[in-house]
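Model the placement of chain B on the given structure of chain A, informed by the hints.
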Amino acid sequence: MTGTAVDLIWLPPALALLGFVLNGTLALTRPTAKRLVSVIGAGVLLAAFAASIAVFSAFVGLHADEPVVLRYWSWIPVGTLQVDVALQVDQLSLVMLLVVTGVGSLIHLFSIGYMKEDPGYARYFAYLNLFVFFMLVLVLGASFPVMFVGWEGVGLCSYLLIGFWFSDAANANAGRKAFIMNRIGDFGFMVAMFMIFWATGSLDFGTVFTHAPMALVPGSRTVTAITLLLFLGCTGKSAQIPLYTWLPDAMAGPTPVSALIHAATMVTAGVYLVARCNLLFAMAPVSSAVVAGVGALTALFAATIALKQWDIKKVLAYSTISQLGYMFVAVGTGAITAGIFHLATHAFFKALLFLGSGSVIYAMHQAYHHTHAHDDAQDMRNMGGLSRYMPWTTSLMWIATLAIAGVPPLAGFFSKDEILTAAHARGHVEPIWLVFWGLGLLAALLTAFYMTRLMLYTFHGPNRTGEQEQAHLHEAPWIMTGPLLVLGVLSAAGGLLNIPALYRGGARLEHWLEPITQPSAALIPAVPLSPSTEWLLVGIAVAVAVVGIVGAWQLLKPQRLVPARSAPEERGFARVLRNKWYVDEIYDALIVRPLVWFSRVVLWQEIDQLVVDGAAVNGAARGARALGWANRWLQTGQVGTYVAVFVVGVLLVLWRAIG
Amino acid sequence: MLLSPALFISAVLFTLGVAGVLFRRNAIVIFMCVELMLNAVNLTFVALAQSLGMGGQVFVFFVMAVAAAEAAVGLAIILAVYRHKQSVSLQTMNLLKDG
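Going line by line, the protein sequences match chains A and B.
Everything in the first sequence is counted per our numbering, starting at 7 for the first residue and increasing by one.
Everything in the second sequence is counted per our numbering, starting at 393 for the first residue and increasing by one.
None of these hints come from the bench; they were simulated from the model.
Since the structure is predicted, the reported quantities are computational estimates derived from the model, not experimental observations.
All C-beta atoms, glycine included, are put in the ideal place defined by N, C-alpha and C.
Any given hint could turn out to be false.
Claimed, not checked - Example chain A residues on the side facing chain B (calculated, C-beta under 8 Å, incomplete):
{"#": "1", "residue": "Leu-640"}
{"#": "2", "residue": "Gly-643"}
{"#": "3", "residue": "Gln-644"}
{"#": "4", "residue": "Val-645"}
{"#": "5", "residue": "Gly-646"}
{"#": "6", "residue": "Val-649"}
{"#": "7", "residue": "Ala-650"}
Chain A with its partners taken away, still in its complex shape (with noise of 0.2 Å):
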């Protein structure tokens, strides 16, 4: 206890548990009631926003550069194995707070509106609350078992919300694949944590990252295989490769959930968690280097498929991959402070482009309702121009694509740039991470283009929606853009947390952060680039972007669309691409059906049908009849028989007593 307003960090997941509380009891007894719902679903949440905000101004003035930590009661006290409910207040455990609560409100607020005609508003409300307190628990947790409780959590409200809509089989489906992939991420995490405890005999943040300089040799297999382990669980909640196909399928759920769940918040959990444990990352030069590989390789590769997906939902969706693939290209890199920047700016941008996107789809929905049409609301083929109709979201999402693409002077930019600055200054030691470099360049053009085509085909260029539903085009409600517009500055001005020194900025978020970084600083060669090497960077940074808002702008021709009912099927790489590689189909075909036909014949056919089922159940029945037959005739119900059994018994006794 600090006697200051630190002490409260309880406050805001007990709020956002408290809301789930009482609308989970609303959803069941008066679902009606959607004012009362909303009230309680957006008040708990501004209410934790205020007391994050109270607690983060105590900490700065606390000074302190060891984290706060609060136990409240044991948990788990087994032998040398102690963990307790216990939070943890520190500058990065506090950035996510913000993040989370600040953010998380606004699409609180959004979703009042975008919810409004919803039959499940009440259980919506609940599921959100849930998902905020479980993130609040997994980013403040003060060891790895709190910490996965979050995450495990979070996992549940993302199934929960994903299939928010599971009359239809589709979106169901969607929820039990983001579930199932996330499952073989928790296995790395969990086995991970067993062997942490074993390594550093310890769960506590506190303990293991203090014992581990002696417990682990640094490069050693050890620590390798716990950072690998880890990455593994990253790797299925961050959605990178090789288990990210299920956040395209999450597009199922309601888009504020998209834009809280798999944009802005948890899909980030796992650059959190490698950002948490800078150090075991650090001492595990190989781990690293896979990490920042698989991310940046992530990056290239979801931006790729952005390019034909014709779903704007989609697009945001590989978009997303594409950006959580620079944060671990950060973190990776061991560039924490860039990567937890771009977690923020991107949580800003991407969460102002899925609520962008949302309002687009608000619109959409109410045309098609009007006119009673069954065209897809969410097919940029059936958009374009909205702009005319909808002026406020195009010049709000115009903002977030600009800083998405990197351009000057807009949030994304001075994050984007940090990343691909510091993956090339550790290219002067390892020349992988220059690589590494390309990759994220390359990843930059791209992004700028394939955001480009989601703004031009939805906003500009003549309507393809159709002749009735133009009249029923219209903007969302201030409901739904008001928080659009307070994204929208601080997509803009996000930048202004952490401007470089190189722009006679104040860095501060990485001063802020050093007491988190500072240990893992002194394990990761460090280059210092000279400032000449450095504008060259930012140069090409910005010349790409600019060469792919503009090249989108040359080549793509809106004009040429046709409404999807009657586009034709892309061919060549784009059908690949439309097809996103093919990934699914090969995970199918790979995994899924093997798994399936094991299951099926070995397991299910010959191993439960004819061993367990024939051999053991049934045949200790068989035995015991067989035994009962064999013994029926002795029993032949004459009390004659038993007599004479009875003295026979007896003669026998007596002859065995006495001779």
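Only chain B this time, still in chain A's reference frame:
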């Protein structure tokens, strides 16, 4: 009284009782044979009590008391079976086997 003739008679009576129980089918006869065995044992008790103390004689009273009770219950059961089956032959009493 000589000990061994008494024990001999008691053995003969007991064997007769056992043979009756084993080979007769009439429940009443079997019942009487059971009584015969009890009384054969009583005779042994009394005979041996002369040399081994009075305990045996006392025990005879217990046996007689139990035999009386058993006779009451046993005869009642036989009567009930007879009412039910119109027979006291043991061969008709096989409900446990297959009804």
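Now for the hints, and whether the structure bears them out:
no. : hint    : result
1   : Leu-640 : 11 Å, violated
2   : Gly-643 : 2 Å, holds
3   : Gln-644 : 6 Å, holds
4   : Val-645 : 5 Å, holds
5   : Gly-646 : 6 Å, holds
6   : Val-649 : 6 Å, holds
7   : Ala-650 : 6 Å, holds
Hint compliance for this structure: hint 1 is the single one not met.
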